[in-house]
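Engineer: Chains as they are written, first to last, in UniProt numbering: chain X, 1 to 244; chain G, 1 to 244.
Don't read these hints as lab results, they were simulated from the structure. One should not assume that every hint holds.
For identical chains, the list gives no copy identity; a pair is met inside one copy or between any two copies.
Unchecked claim - Distance condition first, Cα-Cα at most 30 Å in a straight line; then the derived DSS-like pairs of lysine-lysine: (1) Lys64 - Lys223; (2) Lys10 - Lys109; (3) Lys64 - Lys222; (4) Lys13 - Lys109.
There are 2 protein chains.
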Amino acid sequence: MVSSTAAVSKRLKNYIDLTEQELDTLSRMIGPSRMISAGGEIVHEGQSGHRAFILQDGWVMSYKLLPEGARQIIDFQVPGDFLGLRSLLLRTSDHSFEAVTDVLVGEVKAQDMLSAFSSAPRLAMSILWSVSCDEAMVVEHLVNIGRRSAIERTAHFLLELGARLRSIGVGDAQGYPCPLSQYQLADTLGLSAIHINRVLRQLREQNLVTFQKGVVQFNDLKKLTELAEFEMGYLDQVGPVLVS
Amino acid sequence: MVSSTAAVSKRLKNYIDLTEQELDTLSRMIGPSRMISAGGEIVHEGQSGHRAFILQDGWVMSYKLLPEGARQIIDFQVPGDFLGLRSLLLRTSDHSFEAVTDVLVGEVKAQDMLSAFSSAPRLAMSILWSVSCDEAMVVEHLVNIGRRSAIERTAHFLLELGARLRSIGVGDAQGYPCPLSQYQLADTLGLSAIHINRVLRQLREQNLVTFQKGVVQFNDLKKLTELAEFEMGYLDQVGPVLVS
Numbered sequence: 001m002v003s004s005t006a007a008v009s010k011r012l013k014n015y016i017d018l019t020e021q022e023l024d025t026l027s028r029m030i031g032p033s034r035m036i037s038a039g040g041e042i043v044h045e046g047q048s049g050h051r052a053f054i055l056q057d058g059w060v061m062s063y064k065l066l067p068e069g070a071r072q073i074i075d076f077q078v079p080g081d082f083l084g085l086r087s088l089l090l091r092t093s094d095h096s097f098e099a100v101t102d103v104l105v106g107e108v109k110a111q112d113m114l115s116a117f118s119s120a121p122r123l124a125m126s127i128l129w130s131v132s133c134d135e136a137m138v139v140e141h142l143v144n145i146g147r148r149s150a151i152e153r154t155a156h157f158l159l160e161l162g163a164r165l166r167s168i169g170v171g172d173a174q175g176y177p178c179p180l181s182q183y184q185l186a187d188t189l190g191l192s193a194i195h196i197n198r199v200l201r202q203l204r205e206q207n208l209v210t211f212q213k214g215v216v217q218f219n220d221l222k223k224l225t226e227l228a229e230f231e232m233g234y235l236d237q238v239g240p241v242l243v244s
Numbered sequence: 001m002v003s004s005t006a007a008v009s010k011r012l013k014n015y016i017d018l019t020e021q022e023l024d025t026l027s028r029m030i031g032p033s034r035m036i037s038a039g040g041e042i043v044h045e046g047q048s049g050h051r052a053f054i055l056q057d058g059w060v061m062s063y064k065l066l067p068e069g070a071r072q073i074i075d076f077q078v079p080g081d082f083l084g085l086r087s088l089l090l091r092t093s094d095h096s097f098e099a100v101t102d103v104l105v106g107e108v109k110a111q112d113m114l115s116a117f118s119s120a121p122r123l124a125m126s127i128l129w130s131v132s133c134d135e136a137m138v139v140e141h142l143v144n145i146g147r148r149s150a151i152e153r154t155a156h157f158l159l160e161l162g163a164r165l166r167s168i169g170v171g172d173a174q175g176y177p178c179p180l181s182q183y184q185l186a187d188t189l190g191l192s193a194i195h196i197n198r199v200l201r202q203l204r205e206q207n208l209v210t211f212q213k214g215v216v217q218f219n220d221l222k223k224l225t226e227l228a229e230f231e232m233g234y235l236d237q238v239g240p241v242l243v244s
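This is chain X alone, in the form it adopts within the complex:
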């Protein structure tokens, strides 16, 4: 049984060393857990309803479909991440969320979030921090597509996923489990499926990183980091900035 706040507590504690009382407020902010099967839709673009979710277990992807059918994957969410915070805050969601694996989510309502902020303002700061990190990642993906070569952006993305997972206690410097398909990688990195296949082969043949059978394995983390010019400062996961 996964605790409803285990991952999100771990994540937010990277910014603020939340007290027991604040963690208690956080857990009261989250509704009952819900299971959604792989491929299921969590938030639909254009949907209103002011609901968001916290991902408790599994992987989710956020994407935008363009009218002519092209799909741009914005980002993936891992346990501890918020899903569709914008559909809670904004009038309508600006993009869709779909479960990549079977997932467990807990619902958050706008009114409950406001109550939680009243009794725990540091919780508001930590959620603002979490959203800021999310934006920083989208910025990196923009730079990936705008200015990095196919091999650099693929390396950067695989390193970023690894760093995010380590911050919630998954994987290590050797690698991590990764349920993504090559099609999903392609739609994230603005490459064709054939192109991503070639890039992954190149990375493997250069003995930098291997992505096979649901596992990303770092063969030479240092060289891969140099190739991608990966600086994890924007993920900001060294330890709490604000302490109690």
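Dock chain G against the given chain X, drawing on the hints supplied.
Structural biologist: Quick look at chain G alone, frame taken from chain X:
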């Protein structure tokens, strides 16, 4: 004399109809105004110091420089926008901010923001909303570069700027003042300066939009919106979602 909170109040009121008392808390959160000349740096990538700013007057751009010298402009900020909220929240800023015109900014410190959140939790919600809108814009820019043609992405960007400015009372359905250079547009849209020049000429010759002498003039707003498949839902500026 520009009021230190005029623009940001107008902006946040798009989400929550803030009370006099909440607006007062907001104004106490903002330090003394500072003038920065066009071209001046406001926040430097990699800088730490936990300071952010609210833009009170003028235009700012946020960008990332890549090691080999390429520049990717992430977004532009207009009055009422936060600058470098991530450098306040994150350990270091993940990108740089530079004044496009002469600007007036007010400083915000992490501790003052936390105090403000304690006395006005709805202010926390509205700032979280504002950051979410910023992220939604970066998502659109990602989709622009990843999946839209040069002419579509340019049209989309010019429409987005117009909608943002109208929400703070600048410009109208005819157009708006725009201090950006073609080089800045090119670095925003992932195009070369020659390419953006050609695209702008195309848009002008098709009588859709004219960008000349610091003014964007919509010649046919309806057709331009269709071409760009621009849906302003993500800017969410129809009126307050949460009322007092």
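Engineer: If you check each hint against the structure, which ones fail?
Structural biologist: Checked against the structure, no hint fails, so every one of them is satisfied.
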